[in-house]
Amino acid sequence: KAGVTQTPRYLIKTRGQQVTLSCSPISGHRSVSWYQQTPGQGLQFLFEYFSETQRNKGNFPGRFSGRQFSNSRSEMNVSTLELGDSALYLCASSTGRQSDEQYFGPGTRLTVT
Amino acid sequence: GEDVEQSLFLSVREGDSSVINCTYTDSSSTYLYWYKQEPGAGLQLLTYIFSNMDMKQDQRLTVLLNKKDKHLSLRIADTQTGDSAIYFCAEFNEGSARQLTFGSGTQLTVLP
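First to last, the protein sequences are chains A and B. In terms of the working numbering, the first sequence opens at residue 1 and continues consecutively. In terms of the working numbering, the second sequence opens at residue 1 and continues consecutively.
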């Protein structure tokens with residue numbers, strides 16, 4: 001079974017631009033969660049999507065948004081990029097049921113200059 | 001609020017056992033996870049334990065959970081140089097806050 005895939009793996013953007021990241025979960029998984037990893041703040045939860053609906057949201061500004069498609073693939077969008085948005089963005093795939101294992105993709109490294 | 005704490009660094013000799021410790025605060029956590037992260041890579045799920053268990057063994061890995069003290073540990077037997085990485089513990093609450101709350105990670109260095 002293929003693992004979680006994230007595209008692109010690396011991205012360089014300038015301040016003020018917007019960016020879209022993509023995550024394809026493991027086949028059969030309906031839940032996708034997004035996390036931001038930075039040296040200063042560590043791993044922080046952004047949001048979770050399940051069956052095309054946002055089920056849970058972390059404490060990030062409205063510039064961070066996401067969506068999920070009917071095939072469970074998810075996209076995350078960051079608008080009006082700031083230098084502090086430079087991070088590794090990780091998505092986690094799970095079935096979304098109660099007894100659940102969360103599998104992570106390799107991440108997208110975003111650099112904002 | 002929820003908080004997960006880990007020591008930042010651990011060094012062991014190749015062949016010895018490693019024990020990585022973690023404390024958490026959310027008593028309603030339902031699962032506790034251990035992830036491994038190598039440089040430039042994502043998070044690899046190593047193992048997890050349900051909160052109603054006190055021990056889980058999986059090959060070289062042993063997880064111990066003391067729910068009363070909210071203390072979790074990961075023991076790696078016969079540690080190898082390939083085990084050098086950052087290890088994260090994380091708690092998960094399947095109730096309203098369906099999210100992983102991570103510790104800051106423990107950098108494990110295995111010395112030859």
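These aren't lab readings, by the way, just hints derived from the structure by calculation. You may find that some hints are simply not true.
Said to hold, decoys possible - EDC-like cross-link-like pairs, simulated, lysine to aspartate or glutamate; straight-line CA separation at most 16 Å:
#1 B/K36 to A/E101
#2 A/K57 to B/E94
#3 B/K67 to B/D26
What the hints assert, rightly or not - Now the in silico label distances, taken between C-beta atoms and shown as ranges:
#4 A/T80 to B/H71: 40 to 50 Å
#5 A/L83 to B/G15: 41 to 51 Å
#6 B/F50 to A/P39: 27 to 37 Å
#7 B/D58 to A/T80: 20 to 30 Å
#8 B/Q44 to A/Y10: 16 to 26 Å
#9 A/S51 to B/S104: 42 to 52 Å
Fair warning: this is a prediction, and the values are worked out from it, not measured in the lab. From the three backbone atoms N, C-alpha and C, an ideal C-beta is built for every residue, glycine too.
Results of checking the hints against the structure:
Among the hinted pairs, B/K36 with A/E101 is consistent with the structure: their alpha-carbon atoms are about 15 Å apart, no more than 16 Å. For the suggested pair A/K57 and B/E94, the alpha carbons sit about 14 Å apart, so the restraint of at most 16 Å is met. Distance restraint check for B/K67 and B/D26: the Cα-Cα separation of roughly 10 Å lies within the 16 Å cut-off, and the hinted pair is therefore satisfied. In this structure, A/T80 and B/H71 meet the distance hint of 40 to 50 Å, their C-beta atoms being roughly 42 Å apart.
Hint check: A/L83 to B/G15, Cβ distance near 44 Å, so the stated range 41 to 51 Å holds. Against the hinted window of 27 to 37 Å, the Cβ-Cβ separation of B/F50 and A/P39 comes to about 32 Å, which satisfies the hint. Between B/D58 and A/T80 the beta carbons are some 45 Å apart, a value that contradicts the proposed interval 20 to 30 Å. At roughly 20 Å, the beta carbons of B/Q44 and A/Y10 sit within the given window of 16 to 26 Å.
A hinted range of 42 to 52 Å is violated for the C-beta pair A/S51 and B/S104, which are about 33 Å apart.
Hints 7, 9 from the earlier list are contradicted by this structure; the remaining hints agree with it.
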